[in-house]
Every structure is written in structure tokens, then in C-alpha cells.
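**Student:** If you follow the hints, you should be able to join the two separate chains into one complex; please do so.
Single-letter residue listing:
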Amino acid sequence: MNLLTFTDRGIYCSVADVYIDPWKPVKNAFITHAHSDHATSGHQSYVSTSTSVPIIRHRLNPQKITGVEYGETIHAKGVKISFHPAGHIIGSAQIRLEYKGEVWVVSGDYKLENDGISTPFEPVSCHHFITESTFGLPAFNWEDQFTVYNQINNWWKQNKEKGKTSLLSVYALGKAQRIIHHLDYSIGHVFTHGAIENINEVLRASGLPIQNTSRVMTIGNKQSFEGALILATPGSIQSSWSKRFKDVSVGAASGWMNIRGMKRRRGVDKGFILSDHADWKGLISAIKETGAENIYVTHGYADIFSKYLNEKGWNASVVNTQFSGDLSNDTEQ
Amino acid sequence: MKTFTQFFIEIDQTSGNNEKIEALVQYFTITTKKDMVWAIALFSNKRPGRTISTSLLRQWASEKADLPLWLFEETYHIVGDLAETISLVLPEPKQSSDRSLSDWITHITSLKNASLEEKKAFVLHAWDSLSKNECFLFNKLSTDGFRMGVSSRLVIKALSKYTGLEENMITHRLMGNWNPETTKFEDLVLKSQLGESLSKPYPFYLAYALEKEVNELGDTDQWIAEWKWDGIRGQIIKRKNQLHLWSRGEELITEKFPEFSHLLSHDSTDFVIDGELVGFKNGNILSFNLLQTRIGRKNISKKILESCPVIMIAYDLLELNGMDMRPLSLLERRESLSILISNPVFNQIIVLSKSINFRSWENLEEMRLQSREQQAEGLMLKKKSSIYETGRKKGNWWKWKVDPLTIDAVMIYAQRGHGRRANLYTDFTFAIWNETGDLLPITKAYSGLSDLEFQEISTWVKKNTIERFGPVSKVTPILVFEIAFEGITFSNRHKSGMALRFPRIKRWRKDKTPLMADHLQTLHEMAKKI
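Chains as they are written, first to last, in this note's numbering: chain E, 1 to 333; chain L, 1 to 530.
Here chain L stands alone, though its shape is the one from the complex (with noise of 0.2 Å):
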């Protein structure tokens, strides 16, 4: 572990990433090739599997830190990280310990169906045996959450300057579903595409938001425009007869959509193709949440299927019976998926995103001002000329969304965050006014205010902090707030009967009093609009 703590107290110091790359190659060069396997994997958020739950460790660590437990949980919440703060209160380890990165993950691993005895006696002995970092590095394996400043777009360019093969390639041949403790260094990085896995998906091609007039993007005729929709984005993959289902997030939800086995029944064209999964029931889609409940079910009963089946808009194909087809044109590329999916098998599971007909920009602003009654968050334009390219990139495809709904809310509950936002109030509970005059929590929000304005807002929940429950202050209701959601959807478990999509805090009303806040009424006006 040695190694790699070093590794990590460099990447850790250097904002730069052209330093953490070299950071990364140098790792590359020291360290074992399992070892580096591991390592790629933790940074792709592929994690060993949890073994010992957080709350033992909160109670070994408080025990053996001889603190109350309760002093332990305040501190975490200061703290912001669970793997921090064990190492943080910890006593100095009596001894030192040379075991590799791997061999500690495969010793947590195997603590799968150990007793709870056997588990504590492995975790002290670790603490003791870790220096301060080594011990949080130790404890991020544990637990979860494995982030410390490297995306695997980083550890991407690394690897190809490690080894000299082409960025794209080593993209795709980490996507997908491999297993870091039986994987080999050569065969996951090194080796050709020949016999690799079926399943493997390609980098999705994501836009970047419109950030400037939609006119300035030129002449009409060089764009598409579609409904951006409100689903899941997925691939779905079929190559020699084995079918899979690749959500964005790089996770194979095959098993959660059985609507599409029977596209295996096709003959035998292979395909890959990127789009949109929505529930669609009577010939409308049916709201995000909907599919969200579904996807959160374990076990997919008939009730379910009845009640939001899913069916994918397609939006591109980028593989055609083994030809990789992302170099060709959007508009060769979309001819082709037409005729692919006109074959019957096809037929109300997958259907052709539209293009929209528009006959000048203004007149497509017009259009996307009605997303919502169609259930879809904007548009997309993308050039007809554009090929697939791999990951985020600006200039042939943009997201073009309609404006968020907006509220005026009263801040009433204030929480410390984590991570970067340590000690700092940044989760806030908002409320608006209800019918007999009270506040009425209506949503949380995390996001949208630069530090600055964070900082300022903890100073100032310090001095007004009415009374503590836990790591929970209630806060005199004075500081409004404007709320930006994409959406309202009614909901039991809301005291307030709705629940917002996607909250987040446009910006401090400094200029509004509490009373300027927004009733519920409005809301209510708001849902009935969509």
C-alpha cells in the first residue's frame, strides 16, 4: 500500500492535470500490474464489494479512539468523510505493514462470510499496522466511495502514454463488465478487440449545454433538431445472439427490461444502438418517475410491466454486423438505423427519434418552449454531418433545454456537507407557505451557490441556529432563496403532498423577505400546467 498512499499524497497535492497524468504514468511505471489493475478500477468506481459495514467501523473506531460514540458521530459530520475521520482520531499504529494495494483488497474481500469477531480482529489489526494516510486509504476501500481528483478520462490519457495505444481504444476496452480480481493487466489494456466480450458498449457521445444563440449555429439545413427526452439513455447491444442493455452510467440493466429479449428472435443482423428508455403506455411516455420507481424494484413483476412498460427511442447506430459505424455521417448513420428498425421485430420497442421539421431557428424556439406537454426536456441539435464521437466534446451536438420552473423559498434546516464541503452548511430544507399561513417543507437543494456565498451562509446559520437535532440545525426562517426544478410529481412521502425534480438553488434573494416567499398554491397551478 506503500505505493500507492504515495501515489495518492502526489495526485492529491496537484490540481494540474497534466501533473496528476504524470503522477499516473510514474505510478504505472513503479507499481505491479495487479496492482494496477486495482487501481484502474477504483478510478472507473469499480470498488471491491462492502464487507464491513460503517456503522461497525464507526463503533471499532470510537472504542479504540476511546471517544463516545455520539463525539465520534459530531465529528464526522465536521469532517465530511467517514474514511477521514477514523484516521484522523485514531491513535499513531504500533507497527508498519508492506502489504501491497491488491493483497488489502483481496484480504477485505474475503472477509465476505467471516465472523463479526474475525472482522474486528482484521480491522484493528489494520489500523495499528497503517500509517495516518495509508489508514483513510484503507478505510475508502472498506467502505465506499472511491474519489480523489482522478476521472478515468484522466487515467485514460495516462494509460495510452503508459502504454502508446490510442485514447479511444483504451476507453472502450475499460467500458463494460470486468472484474478487477481476476482480470489481467494484458488482457484488459494490452490485448486486441479480437475475442473480447460481447457486451462491451461504446463511450457514449454526450452534448455540452447550448452556450450561445441558437442563430449563430448558421444555416438550418445543416441541423437536426429532436426532442431531448426525460428517460434513461442507454445502448442496447445484440452481437451474435446475446443481447445487452448498457445504461449511461456504465451499468448492464439487462435484466431489469425483458421487453427487449424478444429482439433475439431477429435474424441475424447485429447492432448496437444508442437512445432513450422510457415508459410508454396507451401511446404516451409516462413521467420520469415512474420509470424511476421501476428501476429501484429488485424484482420485475407483471404489475410493473403492466404498469410502465418500457419501450427506447432510438437515437443513433453505431454498430452495424460488426462494422463500427460511429465514423460515418449522422445522416448516413440515421438512414441506416430507420431501415434496421423498420423490420416488424422492432416493431413498438424501439422506434425512430424524430426529427423535428422547423423552418427557421425562431420558429424552433417556438417548439421548444412546449418540451414539457410533450414530456421531454428540450432539444437536441446536432449536425447532419457530425460523427460519433467519444464523451463529452462541444461544437456538432447541443443540448438545448427548455428554462427550469422557478420558486421563492424560505430556508429552514441547514446540514454540513462532505468532502470538498466539509464543514461548511451547504444541504439546505426549503419551505414555502401553506393555506393556514405556515411554512411547509417542500424540497432539499445542495447546489447552485459558489463557496463564497456557502461560506457566508455558515457563518450566518451559526448565529441563527434555533435548535439542533443531531447534525440537523432549524434556523430562523429569514434567508430566501429561488429554487430551480425541472418538474413536480405527487408524492405520499412528502408532507407536502409534491415533490420537486431535480432542485437546485438559482440564487440567494437577498432582496426578499420571508413573506415574499411563494405559496403553495402556486405550485399546485404549476403541476396542473405540465
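Isolated chain E, as found in the complex (with noise of 0.2 Å):
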């Protein structure tokens, strides 16, 4: 019998009896990360990383919640089980589980560069590895973080001397801290729709620098918009509440922008190829790295990828899981 199997409830050690990234209730539940595919509601006890605790409190509300550090060991039932840094998002992070000698890591959703902001991604060697495939087609090959950066911010800028203000759509929570941390302040105001604001203050409050931004007000004053850089929810662009800014130019940063028809669909003026899942390069460097001869495809591109893996000499199978990937609907439940 495996160490890890993978249920309708979610990824599970039954030595342990502790699930990683549960969908459906459960008594132990590891998280990896706050994002709403992998933490859900409605499980009697979580632990994740201490940074990714104020973050599931904030979005979970959970009755009871303990925080470990990187690296540390928690023994359960003669299992061994480490948080090890994912690079996706901060607080993210590779789940190690160490049985009789033989040790299985559940990644998670990961990325290799360091972002500047997410405790950067460690290997981890392992004889199970467990993967995304979010990215896993060689037509996802992502451009250096700050030639992105940069374009971001030159869009912003252009817009600003056409007396445009700037929208720009992101993940509420990983992708608008990690540009928000590489925004050029000299060009102008950053205004956050609701829902990042209000992850910007949990992690402010847990001492992390985040840098100044201003929430999007609903009711109350009028705001300046002109000339602003507002990052918002793909879901609120899509939203009447967009409707308040005028004289839009409307950007998108995210892997997806990589391929013209997904973002003509989107229908942005300007995609900023930028993602916090590895790309197809960075996916199959992970998993050398790690040393796994066994390795287990998640959400993405699975079973393509899982085939490649056994072509060039894995043991790699496709398994079936919730996680999406797909982070539109990613708010606060």
C-alpha cells in the first residue's frame, strides 16, 4: 500500500491519517497554500505554513489552525511531514512525507523563480513526487520576470501621458503582491480593487512589506482615477464595477496570455505574460530535481504531460483532483 493514495476527499496518508489539500471535509487537513482550490472550508483541523495562517483565517475562518516554519518536522503516527517552500505564492508550500525511509512530496502549485516576495522554491528529494500541470505544454516557456515587469510598467506610463487610466487584471491573492512589489511608484497611484486590499492588509499586519495601496471606494467620495494603475479581480473587470473608470486601457497578467485567441477571448487590449505555475522547462526541471522515479500529474495538462514523462524514462500516471488551476473565481468565501 502507497504512503499517499488519492480519494474523493482529497490527497490522503492513512498512516497518518492527514489529508493535503482535502475538497471535501476532513479531521486533518495539511494545506499548502491559501489559494480557495487547495484550502477549503469546513475541515476540523489545518495546518499550513505560519505565513499562510493569517491568510486561511482571513479567507476560511477556520475553528482551529496551527502554523509550522519551513523545515520543520511534525511526527505524526510515525510519519514525518515538512513544509518546504513552493516559490507560488507567499506562504506557499511542497508538503514532504516521510515514512519508513521512503518520502513522497506533494508540490502543490510551484514556480522556480524567485519572485522577490514568496519564500523562493527548494527542491526537495523524494522517491514520489507529486506535480501540477497547470503549464505542461512546450508552448508555455515564460520571458524573464522583469522584462515583464518592465512592460507592465511602460504600459502604465503610456497610458498615463494618453490621460488613460491603467486596469490591470490579477489573482487577489500571489500575482497583484508580487507586482505591486515591482511597480515603478514614480509614474502614479495604485488603487486595488476590495478583495486584494484586503489580503494587502492581513499580510501587512503579519509584519510582511507590502507597499502602499488604495482600496477602490464604493460608497463615499469620488476618486481621482486618471492616470492610476488600478489592479483588480478578473471577475470584478468583468463586472458592472468596472464601469465606474473611464477612459480604460485594460491589461491582463497571467500564463493564459501566452496564446493570442485566449487573450483576444479575454478580451483585454494588452496581456502581460506573467504566471506563478513553472512553464513547461521549469516543470520537467523540478521533477529531475527532486531525484522521484514516481511521479503523480495533477490539474493541467495531464495526461499529455504524464505521457511525455514515461516516454523519456518516469514511472508517471495522471490522478484525478479538484485543484483547477484556474484561479477566476479565487475570492473570499
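Everything labelled a hint here was simulated from the structure, so no lab data went into it. Ideal placement from N, C-alpha and C gives every residue a C-beta, glycine not left out. Do not take every clue at face value.
What the hints assert, rightly or not - Pulled from the structure, derived: some chain L residues nowhere near chain E, Cβ distances all over 10 Å: (1) D12; (2) W60; (3) T182; (4) N321; (5) D403; (6) R468.
Claimed, not checked - The calculated lysine-lysine pairs, modelled on DSBU-like cross-linking and capped at a C-alpha distance of 35 Å, are: (7) K94(L) <-> K312(E); (8) K112(L) <-> K34(L); (9) K120(L) <-> K281(E); (10) K394(L) <-> K281(E); (11) K200(L) <-> K298(L); (12) K243(E) <-> K160(E).
As the list claims (entries may be wrong) - Sample of chain E residues lacking proximity to chain L, with all beta carbon distances greater than 10 Å (derived): (13) S36; (14) D37; (15) G67; (16) E69; (17) T73; (18) P138; (19) D269.
**Tutor:** As C-alpha cells, this is what we get:
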């Protein structure tokens, strides 16, 4: 019997009686990161990195949650469980489980670049590696991230010169803070949609250095948005919320912007290819670095990616989970 | 190519028409005249001939990117565009190139008779020296299908702004059969009508579908009603003893319809007639299917001429003896048309589209319901005073089609779409119940749903795929859709023995279960009625 099994509630370790990122209510939930497809509500007790704790508290208000540091070991019925940086978003982790010399790693979502705000990814040696495949196709190869930050700042600057407001579509948790961290504040004022500002406040309160941003107020005094950059969630840009902004240029920052058809479908003026997931080469190099022989591929292009890994000599298989990798609806519950 | 690529990026990043026109004018200002002619050609769907097969491009790209071919193919099905897929998987280029757009095109065209090795060497060298966006455009030029969100209408507006010439004049000059390899910008756009090609057609006046109640059109006396025939809209041009036949898609189809050649024996009268080409035999209009088969044939054999003889039903007269008739009223044009084609030489080759007598709008509505029996798609309503306008315009002409036929069918296969629909399941196969209680595939349909619905269905397809055949997913037969279509033809190529004409998805019947879908019997009954 394998140490981890894939059940209809989530990834399960029966020896320790622990679920990892379960999507149906369980007793013990270990959470890789606070995105809504990995951190769901209704579990009796939660364990996550201490950085994720305030975010999970804010989003799910759990009765019981324990924070652990990266690298700290928890002993559960003979299973050694520890959290290691995944580089995906602030507080994100890969979860390592060791039992009788066999090591499994559930990587959650991850990326290999250091985004300057999340604790950078660290490869963890293991025998069994569970990987995402959100961008597991050779068409996804990310450009250097600093080139993309420059593109965003230039776009904002040019819009400002034309008297336009820049409206940028980003995920509320992760992408928003990563971009804020690299904005050129000499250009102008930065506003945020409420869902993003709530997260910013939680992170600032826990001592993380998130620059100043102003919440877009839905009531009260009129704010002037001319020449400003507004960060908003994908859902809010398509809703009537965004109608308050006149003369806008709409941008989106996401790995999906790499595909023209998907960019056109989103109806944005400018697509920035910036992802918190590993690209094709990133996925393969992460897998190599673990030294694992057995690879379990979850959400994304799992069937294609695992077929390729098998051809290349790994023992890879597809596992079905409820993780989506698409966070268009990732807001507070 | 750098200037063209920069321009492409700008166009690609804006959805506003005015900004696109600005970008076009800006491009025209900085580029060479030679590149400009090619750019105009590309936007008007004129492409360099294809000299390298796409299967070779796929093979070379997967080799160069060090990917197994199957992986390249899978990636292509998700990206939804071959040129883009290649540009995305190739490694970074080693050098750069200053070749112009027209220079690249000339090179691509010159490969026509080159050996396989020469072709491969050229393509690999190109991929090695072009940035990602340049590479995408190079691949687009080498394959076909060059759409980049610029309609020919926008190009005409931009050219008008750039040259100061009237839009209508430019539209006319860009029509017809010019070759971007040999045509100079000055000759194409700037030179006056004198000495212009005798084959040049006029832009068609196209109608919108009637969007209000018919009685809101006012006094019936001001309107003419005609049958909207289901054929191929065309323009037949006789000038200085030359005859040309154009389809609405701006294709020169003279050779395909030798029936009309004897019009040259007519006296010296010159004319341009707008009408519908239909198959016609023993006093009956033939089904569109027969006409389509005829068009598909490379050689027009005697047998085809006998099984599907073609006539033109004339709607309008655009030019008579060198005079542009379009500014005259419809009534005046029809009058001249009727006199012109009363000459025996037109006998049984070009016939006048009759205007339908009707007492009231209610009366006309009843007649519209008989369209299918007439082999017509519905009615055309035209204001008697209307001039012949350019392109699709509202107000004076309206299409008033019959409502489509519909059936409820179950989705059984799904495939991802292309372009704007990349990575979404949008191409579906639908089935209905046969006599033995099995689901029988009846038609494919791609359009009719909103992006949001396609998104919802895509998520569903991913979770409900039973089996995959390459890009095709076989799904659990649960979802029911109402399929609209215009007609039924019998066909040996289809398992069901029938083919639907113009099938599209009318709506998603979330209220229906698969057992409530239609039976083959229903289709047979419909077919009998038509």
C-alpha cells in the first residue's frame, strides 16, 4: 500500500490520518497554500505554514489552525511531515512526508523563479513526486520576469501620458502582491479592488512589506483615477464594478496570455505573460531535481505531460484532483 | 519584417477601430510602397501561394524544438493555431534579420520548385533569425489564413485617410484580380479609373436581417419584395466584348460557368448585372447541394452541365454602357434591367427576379412561409427609391428569412476550437435516436453559444470524457442542444444518410434529458415536407 492515496476527498496519508489539500471536509487537513482550490472550508483542524495562517484565517475562518515553519518536522504516527518553499505565492509550500525511509512530496502549485516576495522554491529529494501541470505543454516558456515588469510599468506610463487609466486583471492572492512589489511608484497612484486590498491588509498586519495601495471605494467621496493603475480581480473587471472607470486600457497578467486566442477571448487590450506556475522547462527541471522515479501528475494538461514523462523514462501517471489552476473565481468565501 | 511586426503587435493589442485605423495610417507612412501593397493584399485575403506543406512545417518544428511529433500535435490542438504553435515551441533565435516583409514573401514564393532540402534549409534559417512575433508572422505567410483583426473595411478607411481619396473609390480599386507581386501602389490605389481592368466588379450591396416588425417599415407601396434565392450571389460583367463573372467572395468564376459565354454574341451593349446563380432544370430551381457539387469540380464536364445547368436570376443593374447606374433609384434600375434582358440573347440564361405582388404586410408574411417550397430562403425587401449602396448597410434593404428548422440532439463528441476559441471545446458532434434505439451522429455544429456557455461546456467535457481519439473527446451522452438548420439533403457520405444545411446551435436545452432528444423519424418527415 502506498503511503499516499488519491481519494475522492483529496490526497490521503492513511498512516498519519492526514489529508493534503482536501476538497471535502476531513479531520486533519494539511494545506500547501491559501488559494481557494487548495484551501477549502469545513475541516476540523488545519496545518499550514505560519505565513499562510493569517490568510487562511481571513478567507475561511477555521476553528483550529496550526502554523509551522519551513523545514520544521511534525511527527504524526511515525510519519515525518514537513513544509518546504514552493515559490508559488506568499506562504506556499510543498509538503514532504517520510515513512520507513520512503519519501513523498506533494508540491501543490509551484514556480522556480524567485519573485522577490514569496519564499523561493527549494527542490526536495524524494521517491514519489506529485506535480501540477497547469502549463505542462511545450508552448509555455516564460520570458524573464523583469522584462515583463518593465512592460507593465511602460504600459502604465504610456497610458498615463495619454490621460488614460490602467486597469490590470490579476489574481487577488499572489499575483497582485508580486506585481505591486515591482511597480514603479514614481509613475503614479496605485489602487486595488477590495478583494485584493483585504489580502494586502492581512499581509501587512502580519509584518510583510507590501507597499501602500488605495482601496477603490464603492461608496463615499469620488476618487480620481486618471493616470492611476488599478489592480482588480478577473471577475470584477467583467462585472459592473469596472464601469466606474472612464477611458481605461485593460490589461491582464497571466500565463494564459501566452496564447493569442485566449488573450483575445478575454477581451483585454494588453496581455502580460506572467505566471506563478512553472513553465514547461520549469516543470521538467523541478521533476529532475527531486530525483524521484514516480511522478503523479495532477491539474492541467496531465495526460499529455505524463505521457511525455513516461517516454522520457519516468514512471508517471495521471491522478484526478479537484484542483483547477484557474483562479478566476478565487475570492473570499 | 520588423516594421510590419511592430505594426502587428500594435493592432493585436487594441480592440478599438479608430486606434486600428491610426496604426494602419502610421504603418503606411513609415513603410515602403512595396510592403504596403503586400500588407493591403494580406488584409484583403490575397496570400502568397503556399510553397511548403504544413505537414513538413510540423515535422521540422518538432525536430527543431526536440519534441516528439505527437506532443507537437497535441500542443497545436490546444494553442489552436499552427503558426503560433511553431513560434511558441521553437528555441530562441540565434541572430536577427533585417529583411522586409515583401522580401520574405518573395523568398517564400520562390521556393515553389525548390528541392525539399532547399526548402528545409530556408525555413530553419528563417526560424533561427526571427523573434517570436516575427516568426509567428513568417509562419502565417508560409501557411495560409492571415487574419489579424483588420477587416478590409478598416484598410479602406485607413487608405482613404492616408491618400485623401474617397472610400468608395478605393473600395472599387481594391476589388478584383490584382497581383501584389507585380502591382505598384501607385497603379493600385492612386491611378484614376482610366485604363483600369475591364473585369473590375462593384462592391456588393448587402442587406442586414430584418430586426423589427415588418409593418414598421411603413407604406407597402414604397417597397418591393423578391424571393431570396438560395444560390451563389454573383456579378456578371460585359465590357468591350469581355465577359467576367465574380462571386460575392470576390472570386473570379467565369470559367466555371460556360453557360454565359454566348452573351458575348450580344450586340455592343455593355452591362454589369448583380444576381443569384442557381441550378435550373425543366422549369425548376435545383437544390443548392447540386450547385455546390458543381462548384467543387475542377473540370466542368458535359455531364455536369447537363445535370446542373445554371442560370442567373437578375436582381439589379449596376452599369449600362459604361454608365454607373448605382446612384439611380431601384425602380429606375429595374426598369433598365428588364428592358436590357428582354433581348433574346439573354433568353433562359439571365431572368429577372420577379417582384412579388402583395396587398398588405400580413399577406406578405403568409407568402414568406412558403419560401421553402419555392426553394427560397425567404424574402428580400427593398425600398423602391433605394440607390445601390456599398457593402452591408441598414435601412433600405432587408433580408427576411424564414425561421430555421430545428431538432433536439445529444452531444456525443467534442473537439477544441481554433483562434479565439483556443483551449475551449467548441466543435461538437450531435446525435439523435435511430430505429434501434441507438444514438446516430447527425451533424456537427460550432457556433451559436456564448463564450460563457462554451467555457461551461469545456469544463464539463474535461470531466465527462469517456475516450479520446487524438483531438476528439467522446463524451457521456447527456447534454441536449437545439440545433437550427436550413435544409436537409440526402447524402451517402453520412452515416445517417442525411446532411443538414447550415447547422448551428440554437440553444442549450438544460431542461431536457437525452431521452427527450429527437428521433430519426422526425428528420425523415421534415425532409419529405421540403
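**Student:** Now look at each hint and say whether the structure bears it out.
**Tutor:** Going through the hints against the structure:
no., hint, verdict
1, D12, "7 Å, violated"
2, W60, "15 Å, holds"
3, T182, "32 Å, holds"
4, N321, "48 Å, holds"
5, D403, "30 Å, holds"
6, R468, "8 Å, violated"
7, K94(L) <-> K312(E), "27 Å, holds"
8, K112(L) <-> K34(L), "21 Å, holds"
9, K120(L) <-> K281(E), "27 Å, holds"
10, K394(L) <-> K281(E), "53 Å, violated"
11, K200(L) <-> K298(L), "24 Å, holds"
12, K243(E) <-> K160(E), "19 Å, holds"
13, S36, "16 Å, holds"
14, D37, "13 Å, holds"
15, G67, "34 Å, holds"
16, E69, "37 Å, holds"
17, T73, "37 Å, holds"
18, P138, "5 Å, violated"
19, D269, "6 Å, violated"
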